[in-house]
Structure formats: C-alpha cells, structure tokens
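Can you make the complete structure from the sequences, with help from the hints?
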Amino acid sequence: MFLYEEFEEILKIIKRKAPLIHHITNYVTANDSANAVLALGGSPVMADDEKEVEEMVSLAAALVLNIGTLNQQKLKSFLLAGKKANALGIPVILDPVGLGATKFRRDFIGEILTEVRPTVIRGNMSEIANLYGNSARTKGVDSSLSSEDGGDDIASALAQKYNCTVAITGKVDVISNGELTYHIESGHEHLSKITGTGCMSSSIIALCCASGKPPILGALLGLSIMGISGEMAKDRMNRKEEQGLGSFKVRLFNGFSEFTLRDYQERGKINEIQYM
Amino acid sequence: MFLYEEFEEILKIIKRKAPLIHHITNYVTANDSANAVLALGGSPVMADDEKEVEEMVSLAAALVLNIGTLNQQKLKSFLLAGKKANALGIPVILDPVGLGATKFRRDFIGEILTEVRPTVIRGNMSEIANLYGNSARTKGVDSSLSSEDGGDDIASALAQKYNCTVAITGKVDVISNGELTYHIESGHEHLSKITGTGCMSSSIIALCCASGKPPILGALLGLSIMGISGEMAKDRMNRKEEQGLGSFKVRLFNGFSEFTLRDYQERGKINEIQYM
Amino acid sequence: MFLYEEFEEILKIIKRKAPLIHHITNYVTANDSANAVLALGGSPVMADDEKEVEEMVSLAAALVLNIGTLNQQKLKSFLLAGKKANALGIPVILDPVGLGATKFRRDFIGEILTEVRPTVIRGNMSEIANLYGNSARTKGVDSSLSSEDGGDDIASALAQKYNCTVAITGKVDVISNGELTYHIESGHEHLSKITGTGCMSSSIIALCCASGKPPILGALLGLSIMGISGEMAKDRMNRKEEQGLGSFKVRLFNGFSEFTLRDYQERGKINEIQYM
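Protein sequence lines correspond, in order, to chains A, B and C. Each number in the numbering used here comes from the position in the first sequence (counting from 1) with 617 added on. Each number in the numbering used here comes from the position in the second sequence (counting from 1) with 617 added on. Each number in the numbering used here comes from the position in the third sequence (counting from 1) with 617 added on.
Some hints could be false.
Where chains are identical, the list cannot tell them apart; a pair therefore holds if satisfied intra-copy or between any two copies.
Mimicking DSSO-like on lysine-lysine, the simulated pairs with C-alpha atoms at most 27 angstroms apart in a straight line are [unchecked claim]:
no.: 1; residue 1: K700; residue 2: K720
no.: 2; residue 1: K886; residue 2: K629
no.: 3; residue 1: K634; residue 2: K810
no.: 4; residue 1: K810; residue 2: K857
no.: 5; residue 1: K634; residue 2: K720
no.: 6; residue 1: K778; residue 2: K693
no.: 7; residue 1: K851; residue 2: K886
no.: 8; residue 1: K632; residue 2: K857
no.: 9; residue 1: K629; residue 2: K810
no.: 10; residue 1: K857; residue 2: K886
no.: 11; residue 1: K693; residue 2: K668
no.: 12; residue 1: K634; residue 2: K851
no.: 13; residue 1: K700; residue 2: K830
If you are wondering where the hints come from, they were derived from the structure by calculation, not from laboratory data.
Laid out in structure tokens, this is it:
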C-alpha cells in the first residue's frame with residue numbers, strides 16, 4: 618500500500634540519519650518535545666538567541682517554530698531562523714500556539730507568515746480557524762472548536778493560500794496540502810488532558826518531514842504516530858494502581874520509543890476525503 | 618457536612634467550566650503546574666510577555682503569580698497581570714518562591730503587594746515568615762522552618778494585613794483568612810522531595826478559587842487535593858521495582874486525575890483551630 | 618577500599634547537609650536536574666537574573682553553569698555567579714552544552730574560562746574536543762564522537778590547562794584531574810536516548826563536589842550514580858507494558874532516590890588508567 622511504503626522509508630531514514638530538529642519553542646513543553654524526538658530516533662536541539670539561531674538552523678534537518686510563551690526577546694530569532702531554513706530548503710513547522718488569545722500572537726504570526734514560508738502549519742481548530750480569519754476566540758491554548766466545524770475546507774483553503782500543508786489536530790485530525798485532504802481518527806481523549814501533545818505533534822511532524830519526503834506524508838505519519846502511541850498507552854494501563862494521566866504520559870513516551878510500522882498496520886486510521 | 622458540600626460544588630464547577638488558569642511562573646516547574654491543572658479538569662495557560670498578559674488575564678478565571686526564576690524582563694508583566702486581575706475581580710494566587718533568598722525577590726514582592734491585591738498567598742514557612750518580617754533566612758527555595766513555628770499567628774496576621782487568605786504549606790499546612798484558621802495534616806514527606814509540589818499547590822488553589830467560592834475554601838480544597846493525592850501516590854507504590862521518587866511523581870499525577878470527593882471523605886484531615 | 622570509603626563519606630555529608638546547588642541552566646532540562654538533586658538528598662535552586670545570582674551563590678554549596686538555551690539576557694549572570702563562587706571557594710561545574718554548534722557558545726565559553734575558574738568541566742566528546750581546540754563539529758547538543766577517540770589525552774590535557782577536573786561522558790566516561798585519569802564503564806545506552814542525562818550528570822557532580830571532597834572524587838561518584846542508576850532502571854523494566862523510554866526515565870529517578878553505596882559495591886566500574 619502506498620502510504621505504508623512511504624512511511625516505512627521515512628522511519629528508516631530517521632533511524633539512519635538521526636536528523637537534528639531545531640526548536641524555537643516554549644519552556645512549558647520543551648522537555649516533552651525533546652524526549653519525543655529522541656524516542657523516535659531524532660536529535661532535538663532548543664536554542665533561541667538571535668545570535669545563534671541561523672547557525673543552528675544550518676546544522677539542522679528541520680525547524681520547529683512554536684510560539685508558546687512567546688516573548689519580545691526572541692521575536693527576531695523566529696524570523697531569522699525561519700528565513701534561514703527557507704534559504705536552505707529545510708522544512709519549517711509552524712505551531713501557532715494560543716493564536717487568537719492575544720493581539721501580540723496574532724500580529725507576530727502575521728509577521729512570520731509575511732517573512733517565512735512554512736512547510737507545515739499545525740494547530741488545533743481554534744488556532745487554525747483564527748489563522749483563517751474566523752473570529753473563533755481561542756480559550757487560552759486549548760481548542761474550543763472541533764475539527765468537524767468546517768475543518769476540511771479551512772485546512773484546504775489555508776494550504777492553498779500559504780502553499781503548504783495544514784494539519785488541524787483534534788478528535789479527528791484534518792490534514793490537507795490544498796489538493797488532497799485526509800482525516801486521521803487515531804488517538805485517545807487522554808491526549809488532550811496532558812500538556813504538550815500539540816507541541817510534540819509538531820516536533821514529530823518536523824522529524825518525519827526531515828526525511829525529505831513530501832510534507833503531507835510527514836504530517837500524516839507524524840500524527841499517526843501520536844494518535845497510535847496514545848491508543849497504545851491507554852491499552853497498557855491495565856493495573857488498577859496505574860490508572861490516571863501520570864501513567865498515561867509515561868506510556869505515551871513508551872509508545873514513541875517502541876513504535877514500529879506494524880503498529881501503523883494494525884491501528885492506522887488514515888482516510889482520504891473524497892470531494893463530490 | 619459544610620466543607621464537604623462546598624467542595625463538591627467547587628469540583629462540579631471545575632468539571633463544567635474547565636476554567637482557564639493563567640500563570641506567570643518559572644521554567645523549572647511550568648510543565649508540572651500545567652499538567653496538575655489539566656488533570657483536575659482545568660485549562661492552564663502560561664504567558665509572560667508584557668504585551669499580552671493583560672489580554673490573557675481577561676480570558677482567565679484565575680491568575681497565578683509565581684516568582685521562581687524571576688527575571689527583569691518580566692517584572693512589569695507580573696504587575697500588569699495582577700492589576701488587570703484585580704480590576705476584573707478574578708482571584709490572584711501569589712507564590713513568593715524563594716523569598717528571603719535575595720533582595721531582588723524581596724523588593725519585587727514588596728512592589729507586587731503595593732500594586733496588586735492577592736486573593737491567596739501560598740508559600741512555605743520560610744517564605745511566609747519572611748513576608749511577615751521575620752528574619753528567617755530562606756535556604757534557596759526550600760523551607761528551613763516548619764509550620765509549627767508560630768505558623769497560626771503569622772498566617773492570621775498576614776491574612777489580616779493583606780486582607781487575603783494565607784496558606785503555609787509544610788508537614789502541617791496552616792490556612793487562615795484572618796478570622797478562621799485551619800490545619801491540614803494530609804500528605805507524605807515524599808511531596809517535599811520532588812520539585813514543583815509547592816508551585817502545583819498554588820496552581821491547584823487557583824483552580825479551586827476560579828470556582829468563585831470563598832478563597833479560604835479554595836485553599837482548603839486545593840491543599841487537601843495535593844496532600845491526599847500524595848498519600849494515594851505512596852499507597853500505590855506496592856511493587857518492589859516501583860519504589861522511588863520517579864514512580865511517586867507519576868502516581869501523584871494519577872492521584873490528581875482520579876481525585877474524587879470520596880477520597881476527601883476517606884482521607885481528609887482539615888481541622889479548624891480554636892483560639893482560647 | 619579507598620574510593621568506597623570516600624564515596625561513603627560524600628553520601629553521608631549530602632544526607633546531613635542537603636547542600637544547596639545553584640543552577641544557571643536551560644529551560645529544557647531544569648526540572649530533571651532539580652529532581653535529580655532532590656532525589657539524592659540535595660536542595661536545588663535555579664535563578665539566573667544578574668540582580669540576584671551573586672546573593673544566591675553566597676547561600677549555595679556548589680554552582681552549575683550550563684549553557685543550554687543560552688541567551689544574551691543572562692550572559693552577565695553566568696560571569697557574576699562564577700566569579701562569586703570562585704571568591705567564596707565553592708565548586709563550579711561547567712557544562713558547555715552544544716559547544717561547537719555556534720560561535721555564540723564558543724565565544725561565551727571562552728569568556729567564562731577567562732573570568733571564572735571551573736572546578737569540573739563536564740561534556741560529551743564533541744563538546745570537550747571542541748574546547749580542546751579540535752575542529753570536531755558538534756551535531757546540535759549530541760555527541761558525534763565517542764570518548765574512545767583520544768579522550769584520555771584530551772581530558773588530561775584540558776585538566777592541566779585549566780587546573781580542574783574534566784569529565785567526558787559517553788559509552789565510557791573519561792575523568793581526569795591532569796594527574797590521574799579514570800574510566801567508568803557503567804550505564805546503559807538508554808541514557809543517551811532521553812534528554813537531560815548530561816545536564817543531570819553535571820548537577821549530580823555538583824552535589825557530590827559540594828561535600829568538600831576533591832573534585833575528582835565528586836566527578837567519579839556523580840557519574841557512577843548516573844551510570845548505575847541507569848543500569849538499575851533498565852533492570853527494573855521487567856513487565857511487557859513497561860518497555861520504553863518513558864518507563865526508563867521514571868525508573869532512573871527511582872534509581873537516584875534509592876541509590877546506596879551497596880549499589881556501587883555491586884556494580885561500580887571505575888578503572889584507573891595506567892600510563893606506560
């Protein structure tokens with residue numbers, strides 16, 4: 618099957634090259650993103666001073682721009698890193714955390730999108746709808762809209778507008794490159810009850826895109842890994858004293874480090890959306 | 618029983634509203650605080666740039682001001698956020714981490730208390746005694762004084778001075794609103810051997826206060842949740858290969874996410890202090 | 618046996634004094650370092666504003682200078698803290714994270730080494746080789762060189778140059794004070810697959826050096842604790858649903874908090890290198 622073979626190759630490339638994934642990200646979930654990338658065979662680095670981001674990007678195979686805990690001291694770093702990545706032709710994954718919550722974030726995402734071409738934009742429905750111009754109010758950094766609220770059209774339209782791949786994560790993930798649109802129905806609701814699963818999703822997509830394969834494939838594999846690892850985590854919480862979100866988070870990382878294509882074969886739930 | 622019914626209502630409100638808890642906090646324990654709030658049904662957000670904190674506060678149901686890893690770049694953010702919260706009438710939980718260790722922190726807490734009215738102040742005995750004017754020297758961010766060292770009087774006096782609720786956490790927690798003073802004897806000494814339990818306590822108190830119930834109730838329920846979850850965590854470490862603080866921390870989060878009022882009924886240890 | 622008795626005394630001093638370990642460090646692994654220090658009986662503090670670092674150092678028994686997520690706002694803090702520690706005679710552990718990746722880091726490490734005398738320098742082979750003047754290119758923050766690539770000579774030469782102890786961590790750890798050189802063969806490859814084990818190693822070395830014992834002993838014990846705890850963590854992953862790096866990390870912290878000298882007796886693998 619087409620996707621299966623592509624995914625197999627992506628995973629092989631990751632194992633072989635251990636690609637360096639540079640992050641400009643937030644201090645809440647940086648540790649989780651680093652461990653997710655490591656568990657899947659990549660090599661994470663976090664650095665955000667404007668004096669070094671371009672040089673760090675030049676060593677990297679992909680760049681994550683995540684605006685959680687954004688501050689004025691690092692605005693320029695996002696732009697420098699993003700432009701350098703564009704110049705070098707390495708994938709840029711943009712995670713517009715909490716977009717819509719404040720003008721500061723909206724303005725800055727506008728600035729990023731003027732100066733940097735993202736390869737993949739990943740966010741929850743509130744964030745992506747806001748990017749689309751929808752007035753949906755982000756409640757903090759969580760989604761108050763589900764991906765069913767017109768997600769296919771929004772993802773597809775945004776992907777065309779920015780000539781990139783757009784991934785809306787939620788109960789159902791929507792992924793579109795403007796031509797093809799997919800749904801992923803993997804996952805477990807616990808994933809929305811620990812912090813960092815959105816940020817980790819962006820990091821894992823970056824890792825998959827670092828393979829050099831088309832971004833739509835990187836997004837599909839990355840979000841399948843997250844969803845399936847979440848399902849496996851829940852399935853492995855079989856002892857009474859291990860119920861709860863602490864044990865779930867531990868097992869999620871177990872899922873990342875033990876993930877193989879066989880898990881995708883057994884559990885993968887990617888569907889291409891047919892437009893009539 | 619009075620407290621029980623109030624607590625039940627607070628927990629119901631949290632589950633129904635998933636209140637947004639805005640944090641200006643430190644990079645050491647931000648992930649833990651976010652996960653604690655999420656596990657209990659709230660929605661955490663961390664943001665600290667002066668350009669966005671007021672707008673973020675206006676979306677929130679409570680604000681945590683935690684001065685761990687304080688730096689000059691975010692001083693103004695604490696004041697802007699605190700004043701906005703006061704103007705909007707949402708609870709402000711002040712966590713004076715490491716107060717007493719340095720003049721920088723003492724001066725800034727003085728400034729906060731001049732410009733912002735806290736709803737609850739939570740700290741260990743060294744921190745609170747320092748706030749009271751006691752010369753007790755904070756050893757880093759840990760307590761070198763126990764809450765038995767005159768804690769009742771200090772908590773009550775400070776609560777009256779700042780017209781707020783004061784919570785001193787330690788082996789015995791002391792909580793006072795200046796009129797009523799309570800002790801909580803829940804918990805386990807392991808809670809003092811992992812980082813972040815103080816910060817998480819402040820976040821959980823914020824979540825409980827976001828219900829709109831009197832702050833003294835929010836503090837009592839918040840610290841009971843922390844103490845009881847710690848006890849349950851210890852009780853569930855029954856396999857030989859799971860002894861140790863790593864497993865304890867995982868189970869603490871399990872405790873948060875599985876906490877119900879039944880646990881409080883079975884284990885709650887709140888006592889009102891009777892002055893003669 | 619010589620080392621055994623010294624180690625016993627170091628561990629006793631730690632338990633008795635709970636030494637305060639001040640960190641200027643990165644936001645990716647700060648939580649892990651704090652928990653490692655706590656689990657072993659120390660008291661961690663993280664503070665990095667130039668207005669308070671000197672005062673914080675004056676309360677501490679050791680200082681960790683870790684340049685992960687370095688930024689311009691805290692450069693001065695590293696220098697102020699380091700000089701203060703030197704003036705007070707407390708150990709300074711320098712962790713040149715990602716040195717070699719960027720000019721910004723190389724220049725700043727040069728500045729630190731001009732103004733501050735480190736007690737121990739700990740890094741992976743790429744970082745230490747770069748410090749030595751080798752053109753080995755650091756790949757992000759991970760090592761692309763193993764400690765076998767001339768590590769003994771580099772560690773010894775650097776130790777003599779800076780009159781300190783140098784620890785190169787990797788599959789085999791190399792530790793030298795310029796006179797004596799040791800190898801440690803403890804550990805498990807999983808340690809390289811979670812973030813923070815390097816940073817935690819530096820923090821644990823700082824904790825051991827805070828005992829006042831010779832730095833070479835602090836480095837040997839600190840790295841033995843890390844390696845042995847990693848081995849024990851792996852050994853305790855005996856249930857099918859607990860395989861993976863999430864469970865490994867939890868058990869690593871269990872290893873720290875349960876570590877006793879008996880574990881060193883059973884598993885310690887320190888060898889002094891004999892020069893012909």
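Checked hints:
1. K700 with K720: Answer is both; intra-copy 23 angstroms and inter-copy 19 angstroms each pass.
2. K886 with K629: So K886 and K629 pass the 27 angstroms test inside one copy only (21 angstroms; across, 35 angstroms).
3. K634 with K810: between (33 angstroms within a copy, 15 angstroms between copies)
4. K810 with K857: Classified as both: same-chain Cα gap 19 angstroms, cross-chain 25 angstroms, threshold 27 angstroms.
5. K634 with K720: For K634 and K720, only the inter-copy Cα distance (24 angstroms) is at most 27 angstroms; the intra-copy one is 40 angstroms.
6. K778 with K693: within (24 angstroms within a copy, 38 angstroms between copies)
7. K851 with K886: within (17 angstroms within a copy, 33 angstroms between copies)
8. K632 with K857: between (35 angstroms within a copy, 23 angstroms between copies)
9. K629 with K810: between (31 angstroms within a copy, 17 angstroms between copies)
10. K857 with K886: between (29 angstroms within a copy, 25 angstroms between copies)
11. K693 with K668: both (10 angstroms within a copy, 16 angstroms between copies)
12. K634 with K851: between (31 angstroms within a copy, 25 angstroms between copies)
13. K700 with K830: Within one copy only: 21 angstroms inside a chain, 50 angstroms across chains, cut-off 27 angstroms.
When each numbered hint is compared with the structure, no violation occurs for any of them.
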